[in-house]
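A.B. asks: Protein chains in written order, with my numbering: chain R, 34 to 306; chain S, 2 to 300.
Hints listed in this document are in silico derivations from the structure and should not be mistaken for laboratory results. Quick caveat: nothing in here was measured; it's all calculated off a predicted structure. Quick reminder that beta carbons are idealized off the backbone N, C-alpha and C, glycines included. Misleading hints may appear alongside valid ones.
Said to hold, decoys possible - In silico DSS-like pairs for lysine-lysine, Cα to Cα no more than 30 Å straight-line:
| # | chain 1 | residue 1 | chain 2 | residue 2 |
| --- | --- | --- | --- | --- |
| 1 | S | K262 | S | K105 |
| 2 | S | K296 | S | K212 |
| 3 | S | K110 | S | K212 |
| 4 | R | K35 | S | K262 |
| 5 | S | K105 | R | K35 |
| 6 | R | K35 | S | K296 |
Unchecked claim - Going by beta-carbon spacing under 10 Å, a handful of chain S positions derived as facing chain R:
| # | residue |
| --- | --- |
| 7 | P21 |
| 8 | F30 |
| 9 | L42 |
| 10 | R133 |
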Amino acid sequence: MKRPVATILLHVGLVVGSAAALAPLVWMISASVMPTGEANTFPPRFLPSSPTLVHYRELFTRLDLGRAFGSSLLVASAITLVSLLLNSMAGYAFAKLRFPGRNRLFGGLLTAMIIPTPIAMLPLFLLLRSLGLVNSYAGVVLPAAATILGVFLVRQFALGIPDDLIQSARLDGAGELTIYRKIVLPLLRPVLTTLGIVTFLATWNDFIWPLIVLTDERRYTLPVALASLVGEHALDTELMMAGSVLTVMPVLLLFLVLQRQYIEGIMLGGVKE
Amino acid sequence: MPARRPLSNEARAAAIFLAPGLLVIGLFFLVPIAASLFLSLTDFDIYALGDLGNARFVGLRNFTRLATDPLLWISLRNTFYFVLVGGPLTLGIALAAALVLHSKLVRWKGVFRTVFFAPYVTTLVAVAIVFRYLYHPRFGGLNRFLGFFGVAPIDWLGDPHWAMPAIIILAVWKNFGYAMILFIAGLQAIPESLYEAARLDGAGAGQVFRKITLPMLAPTFLFLGIMTTIGYFQFFAEPYVMTGGGGPLNATLSTGLLMYKHGFRWWNMGYAAAIAVVLFLVILAFTVIQFRIEKRRSA
């Protein structure tokens with residue numbers, strides 16, 4: 034081995050760093066199966082004396098967090114599917130269809146991309162209110178149904194589709210919609226997969242907008258339900274940790290399974306033009 | 002009268018493909034942004050929520066009121082604290098981790114990369130609640146751990162001096178993995194020949210880092226700097242969940258949280274829109290400054 038001292042030091046650093054990165058998550062899981070009160074003892078315990086699932090049972094029965102789980106799943110899936118459809122259509126049009134003002138329109142969108150979303154929130158709320166969409170899932174899904182970043186990423190990828198492919202389909206008499214469905218969509222699959230994963234995770238984790246729009250606790254998504262729960266049950270540490278596990282685990286597992294595509298996805302977002 | 006050129010089939014198809022997406026982006030993003038500016042010039046409040054006729058145009062009064070609102074200044078100070086300490090800390094740790102993981106001496110790179118990245122994909126609200134318990138002065142794991150090194154217990158979230166550092170630690174823990182991934186990609190893009198040439202010229206490790214690695218990473222730094230500042234300037238969920246909405250003694254009251262409280266808790270939407278505009282201008286200024294610095298450096 035070359036330079037053994039440096040090698041050992043680097044690995045020690047990595048192991049310490051890994052422990053710091055994982056400890057909060059491991060403790061979350063561990064505390065979620067501790068008997069009631071055990072997470073509030075002195076000195077603090079890291080592992081449960083006798084693991085129990087009683088807090089998970091309480092979450093799903095008395096606190097009805099299964100419903101919030103369903104809300105989160107519904108909202109995140111709907112936003113993912115709808116935004117993939119709209120972003121892919123618009124991204125394809127910007128990349129491959131010629132129309133007057135294309136570059137100016139696209140440039141305008143890119144400029145608007147750097148505007149942070151909170152500035153839009155107050156009027157957006159009033160708009161949704163006048164449409165009767167406050168406290169509905171549609172109120173959470175619609176504003177996220179298309180994103181400038183998504184359109185941009187699809188467009189960058191679609192630029193690589195050979196024009197000949199589209200032209201020859203046209204000569205064969207295929208309609209534009211057929212071309213999009215039969216030729217373009219299959220070719221866009223890699224970028225749509227990565228974009229889909231990133232979108233799903235981001236919307237599952239989203240907090241502020243569902244918090245504003247969903248006023249009825251029966252429609253709360255998991256993060257909103259959790260934030261409201263911690264107000265009433267702050268002292269039930271083990272229960273709150275079970276709720277956190279329920280919220281974090283689906284996305285963490287999804288990430289572990291689809292890691293390669295997910296990291297590709299966030300790298301796409303990090304590629305500058 | 003000049004005849005209008007009929008749109009080609011392709012242009013008509015483009016219109017159909019673009020319409021749904023642009024409608025959503027326009028109606029739910031661009032229009033609200035413009036409306037925000039207008040809203041900030043009105044006294045829109047809970048009465049206007051009942052009847053629009055109750056909203057009046059008040060010119061810049063919201064902004065003059067803001068200028069003397071101590072809570073705005075406190076929130077801005079807190080937000081700058083979070084951005085200016087948390088941002089560089091996040092990027093610094095991310096760069097250190099990336100350099101180590103890029104080193105030829107290290108094994109199991111994929112495993113470490115996954116572990117460091119995992120916090121980034123977790124749900125902020127959930128891990129903020131986890132940290133809230135880890136920060137407990139008596140029962141929390143962090144003080145227990147620090148106790149092994151003889152550090153006296155800290156009331157992390159209850160002491161105005163420690164609450165912001167506590168929130169920054171959470172933000173760094175959660176976000177450095179993302180920046181690390183982009184730094185690793187940036188490091189991999191640096192051609193090996195540059196390093197070899199430098200070594201042949203007899204450059205030391207420190208010189209190579211300053212003269213080759215850092216300049217070659219400049220685009221990554223610019224991108225991450227802008228993304229991190231934009232994201233951190235909006236921080237909201239951490240104080241919402243961890244410190245009961247900005248405590249103790251407003252030590253963690255962020256400008257985003259102040260906007261939320263005025264807008265959606267007290268329904269002072271005109272005033273809240275003015276806060277949103279101020280926050281937007283601050284973010285814009287920081288973005289422009291970072292572009293300028295990068296331009297001057299590369300010029």
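A.B. asks: Next step is simple, just say for each hint if it's right about the structure.
C.D. replies: Here's how the hints hold up against the structure:
For the given pair, K262 (chain S) sits about 51 Å from K105 (chain S) by alpha-carbon distance, which is inconsistent with the 30 Å threshold. For the hint pairing K296 (chain S) with K212 (chain S), the CA-to-CA distance comes to about 18 Å; that is within 30 Å, so the pair holds. Using a Cα cut-off of 30 Å, the hinted pair K110 (chain S) and K212 (chain S) holds, with the two alpha carbons roughly 26 Å apart. Of the supplied pair hints, the one linking K35 (chain R) and K262 (chain S) is violated, its CA atoms being roughly 58 Å apart against a limit of 30 Å.
Pair hint K105 (chain S) plus K35 (chain R) holds up; C-alpha atoms about 10 Å apart against a cutoff of 30 Å. Annotation: proposed proximity of K35 (chain R) to K296 (chain S) is violated, straight-line Cα distance about 40 Å (limit 30 Å). Restraint check, P21 (chain S) versus chain R: the minimum CB separation of about 5 Å is within 10 Å; hint holds. Because the closest C-beta pair between F30 (chain S) and chain R is about 6 Å apart, less than 10 Å, the hint holds.
Using the Cβ-Cβ criterion of 10 Å, the hint placing L42 (chain S) at the interface with chain R is not satisfied: the shortest such distance is roughly 13 Å. Contact between R133 (chain S) and chain R, as hinted, is supported at the beta carbon level, the nearest pair being about 8 Å apart and thus within 10 Å.
Checked against the numbered hints given earlier, this structure breaks hints 1, 4, 6, 9; the rest are met.
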